[in-house]
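Work out the full structure, taking the sequences as your base and the hints as a guide.
Sequences listed follow chains A and B, in order.
Heads up, the first sequence is in the numbering used here, so the first residue is 2 and it goes up one at a time.
Heads up, the second sequence is in the numbering used here, so the first residue is 2 and it goes up one at a time.
FYI, nobody ran anything at the bench for these hints, they're computed from the structure.
Hints are supplied without guarantee of correctness; some may be wrong.
What the hints assert, rightly or not - Derived CB-CB ranges, DEER-like:
#1 B/G89 x A/E15: 47 to 57 angstroms
#2 B/H11 x A/Q96: 38 to 48 angstroms
#3 A/E15 x B/R86: 40 to 50 angstroms
#4 B/A28 x A/A5: 32 to 42 angstroms
#5 A/E15 x B/G87: 50 to 60 angstroms
#6 B/Q17 x A/E83: 49 to 59 angstroms
#7 B/K31 x A/Q141: 29 to 39 angstroms
#8 B/R118 x A/E15: 45 to 55 angstroms
#9 B/Q17 x A/G106: 12 to 22 angstroms
#10 B/Q26 x A/P29: 37 to 47 angstroms
#11 A/K53 x B/A28: 40 to 50 angstroms
To be verified - Simulated pairs of lysine-lysine, DSS-like, Cα-Cα distance not exceeding 25 angstroms:
#12 A/K139 x B/K136
#13 A/K131 x B/K139
#14 B/K31 x A/K136
#15 A/K105 x B/K73
#16 A/K131 x B/K122
#17 A/K136 x B/K73
#18 A/K72 x B/K97
#19 B/K72 x A/K139
#20 A/K139 x A/K72
#21 B/K131 x B/K105
#22 A/K105 x B/K122
#23 B/K53 x A/K72
#24 B/K9 x A/K122
#25 B/K9 x B/K122
#26 A/K43 x A/K104
Just so you know, even glycine gets a beta-carbon here, dropped at the ideal spot from N, CA and C.
Number of protein chains: 2
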Amino acid sequence: MEIALLQKNHVTPEFQNQIRALFQQLAPTKKQLQLLDIFNDKNNITLVYGIKDGEILGMASMCVYTVISGKKAWIEDVVVHENERGKGLGRKLMQKLLEVAKKKGVTELLLFSAEHRVAAKQLYEDLGFKMSASKLYKLQV
Amino acid sequence: MEIALLQKNHVTPEFQNQIRALFQQLAPTKKQLQLLDIFNDKNNITLVYGIKDGEILGMASMCVYTVISGKKAWIEDVVVHENERGKGLGRKLMQKLLEVAKKKGVTELLLFSAEHRVAAKQLYEDLGFKMSASKLYKLQV
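Next comes the structure, spelled out in structure tokens:
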């Protein structure tokens with residue numbers, strides 16, 4: 002398994018198709034943006050993926066921004082292929098993002114997870130994440 | 002009361018001092034970054050503030066990023082001066098951020114708030130935010 006950081010030139014039509022199918026395992030009905038949409042100048046994103054014999058088996062994204070309260074990174078869209086779960090790929094992807102975050106000078110990593118994602122929550126806790134009592138609010142516009 | 006979007010040339014030493022004091026009302030002991038730290042090329046931030054007779058009475062920040070699951074904006078560091086609370090400034094600041102978010106093509110606004118911030122939570126719900134059942138996880142690095 003190779004763990005790689007996405008670069009624009011990795012994005013072929015076949016690569017995009019595999020990413021689309023993988024993301025659908027996380028959120029079957031959610032509208033997806035194209036990979037090329039994430040490569041804009043103002044987007045401080047890192048997307049890490051695991052690939053073996055040409056097949057993308059997992060991915061995770063991280064976006065960094067700076068506000069008065071700190072330099073923060075949000076982990077987003079973490080998904081491991083259903084055939085690959087329980088073998089440590091999620092941990093490898095997260096560790097790679099943590100490494101990049103430290104290089105970027107991030108002081109706080111954040112993510113949110115649904116209650117029913119037991120394996121994911123266990124992984125986040127193993128990596129040192131603490132559940133916060135704060136409540137998350139969303140507005141679709 | 003003037004509602005303004007922060008530009009780099011607004012940041013004088015006096016302005017920075019007022020922002021620092023205002024932020025301390027939200028988080029008295031938290032280490033703060035300097036305003037000039039938020040003006041880097043990769044930081045897609047909007048900071049809106051309310052000012053009257055040279056005094057900054059409230060502020061709110063918003064950072065935008067794009068991932069596969071959408072173009073998202075996080076609201077951060079919302080604070081209204083203790084002498085100005087309950088007079089509608091928080092709503093004006095949030096409405097300005099919503100307006101900017103729509104112009105930027107954001108499809109999802111997010112924020113989190115502590116349980117005890119009753120007025121803030123009421124405002125977010127009035128503006129259409131829904132509390133999510135997802136749990137927030139944090140890691141300090």
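Exercise for review: Could you tell me which of the numbered hints above are not met by this structure, giving the numbers in increasing order?
Suggested key: 3, 22, 23, 24, 25
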